[in-house]
Amino acid sequence: MTESTKGLRAEKVHFSYGDIGCLHDFSIELKAGRFYGLIGPNGSGKSTFLDIISGFISPLKGKVYCNGIKLRHYSPADLALILTTVPQSINLNFDYTVHDVVMMGRHPHIPRFARPKETDFAHVEEAIELMGISDLTTRKVMQLSGGEKQRVMVARALAQDTEMILLDEVTSNLDINHSISIMKTMLRLVKNDGRTIIAAMHDLNMAAAFCEDLIVLDQGKICHFGPVSEVISESLISELYGVAAHLSNDSDGNRHIQFIYR
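In our numbering, the protein residues as written are 1 to 262.
Hints are computed from structural coordinates only; laboratory data are not their basis. Just so you know, these numbers come straight off a predicted model, no measurement behind them. Errors might be hidden in some of the hints.
[Claimed, not checked] In silico DSBU-like links for lysine-lysine, alpha-carbon gap of 30 Å or less:
{"#": "1", "residue 1": "K70", "residue 2": "K31"}
{"#": "2", "residue 1": "K117", "residue 2": "K184"}
{"#": "3", "residue 1": "K61", "residue 2": "K6"}
{"#": "4", "residue 1": "K221", "residue 2": "K63"}
{"#": "5", "residue 1": "K61", "residue 2": "K184"}
{"#": "6", "residue 1": "K63", "residue 2": "K6"}
{"#": "7", "residue 1": "K140", "residue 2": "K70"}
{"#": "8", "residue 1": "K31", "residue 2": "K12"}
{"#": "9", "residue 1": "K117", "residue 2": "K140"}
{"#": "10", "residue 1": "K117", "residue 2": "K61"}
{"#": "11", "residue 1": "K31", "residue 2": "K6"}
{"#": "12", "residue 1": "K63", "residue 2": "K117"}
{"#": "13", "residue 1": "K191", "residue 2": "K140"}
{"#": "14", "residue 1": "K221", "residue 2": "K117"}
{"#": "15", "residue 1": "K149", "residue 2": "K191"}
{"#": "16", "residue 1": "K6", "residue 2": "K221"}
{"#": "17", "residue 1": "K140", "residue 2": "K31"}
{"#": "18", "residue 1": "K12", "residue 2": "K221"}
{"#": "19", "residue 1": "K61", "residue 2": "K140"}
{"#": "20", "residue 1": "K117", "residue 2": "K12"}
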């Protein structure tokens with residue numbers, strides 16, 4: 001594997017649920033070490049896009065590659081050492097503690113019938129601290145609020161210590177301070193460790209502030225892909241969401257979006 005093959009690549013991928021088309025003949029190359037934002041209106045195919053490039057579902061047509069190897073050639077155990085996903089909806093039907101759930105992120109690294117090592121506990125403690133949930137570790141996950149559960153699931157993904165992390169609307173149930181904290185953590189992983197982050201997001205200002213590149217989906221097709229500064233525009237926002245907006249840049253060159261409500 002060379003540096004040029006690291007990352008995710010999809011070629012002419014198509015997927016549908018029965019007669020309902022969901023993603024149509026898309027191709028994209030996501031190079032390693034970048035923070036990608038995935039945006040688009042509700043029903044545009046963002047969650048399905050993440051499900052396909054993570055291997056959770058298989059495309060009806062086309063191929064997906066991870067680090068130059070066809071995704072279907074990976075065993076689930078091998079893929080879990082490379083890539084992890086934080087889903088939009090959380091289904092935990094057992095009464096695990098927060099610490100138990102975060103430790104689940106270490107399962108791909110622990111041989112069968114073996115016990116966690118000091119390094120596993122260290123990864124778990126670091127993830128718990130990063131997500132600011134140290135006071136929740138002995139709580140039962142089923143007793144937590146939606147936002148608290150989401151932070152626990154992000155901590156589990158961090159503990160898994162993969163080179164790629166996929167996030168599906170993980171800030172949707174969070175207060176703004178926790179949303180910013182998670183995005184800052186992800187950006188540090190990209191800048192300091194060369195991780196690859198792909199995050200489906202509904203908050204365009206958050207996407208513009210933290211992401212390096214944007215993938216824009218509309219009606220199951222990739223209609224735009226490139227650096228934030230080239231993709232986000234007033235016309236794009238009007239086209240996708242049917243609302244007017246004013247764009248401005250601060251002194252650091254960061255783009256801000258002000259929606260016009262009347």
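Hint-by-hint comparison with the structure:
Between K70 and K31 the CA atoms are separated by roughly 15 Å; this keeps the pair inside 30 Å, and the hint holds. Straight-line distance between C-alpha atoms of K117 and K184 comes to about 29 Å, which keeps the hinted pair within the 30 Å bound. Only pairs whose Cα atoms come within 30 Å are accepted, and K61 paired with K6 is accepted, the gap being roughly 23 Å. Under the criterion of a C-alpha separation no larger than 30 Å, the hint pairing K221 with K63 is consistent with the structure, at around 16 Å.
At most 30 Å may separate the alpha-carbon atoms for a hinted pair to count; K61 and K184 exceed this at roughly 36 Å. With a CA separation close to 16 Å, the supplied pair K63 and K6 stays within the 30 Å bound. Proposed proximity of K140 and K70 is contradicted: the alpha carbons are some 39 Å apart, above 30 Å. Restraint check for K31 and K12: satisfied, since their Cα atoms lie roughly 17 Å apart, inside the 30 Å limit.
The suggested pairing of K117 with K140 holds, with an alpha-carbon distance near 23 Å, which does not exceed 30 Å. At most 30 Å may separate the alpha-carbon atoms for a hinted pair to count; K117 and K61 exceed this at roughly 42 Å. Using a Cα cut-off of 30 Å, the hinted pair K31 and K6 holds, with the two alpha carbons roughly 6 Å apart. Between K63 and K117 the CA atoms are separated by roughly 37 Å; this puts the pair beyond 30 Å, and the hint is violated.
The suggested pairing of K191 with K140 is violated, with an alpha-carbon distance near 34 Å, which exceeds 30 Å. Pair hint K221 plus K117 does not hold up; C-alpha atoms about 45 Å apart against a cutoff of 30 Å. Taking the CA atoms of K149 and K191, the gap is about 27 Å. The hint holds against a cut of 30 Å. Restraint check for K6 and K221: satisfied, since their Cα atoms lie roughly 24 Å apart, inside the 30 Å limit.
The suggested pairing of K140 with K31 is violated, with an alpha-carbon distance near 38 Å, which exceeds 30 Å. Note on K12 and K221: the hinted pairing holds, with a Cα-Cα distance of about 11 Å set against a maximum of 30 Å. Taking the CA atoms of K61 and K140, the gap is about 42 Å. The hint is violated against a cut of 30 Å. Using a Cα cut-off of 30 Å, the hinted pair K117 and K12 is violated, with the two alpha carbons roughly 43 Å apart.
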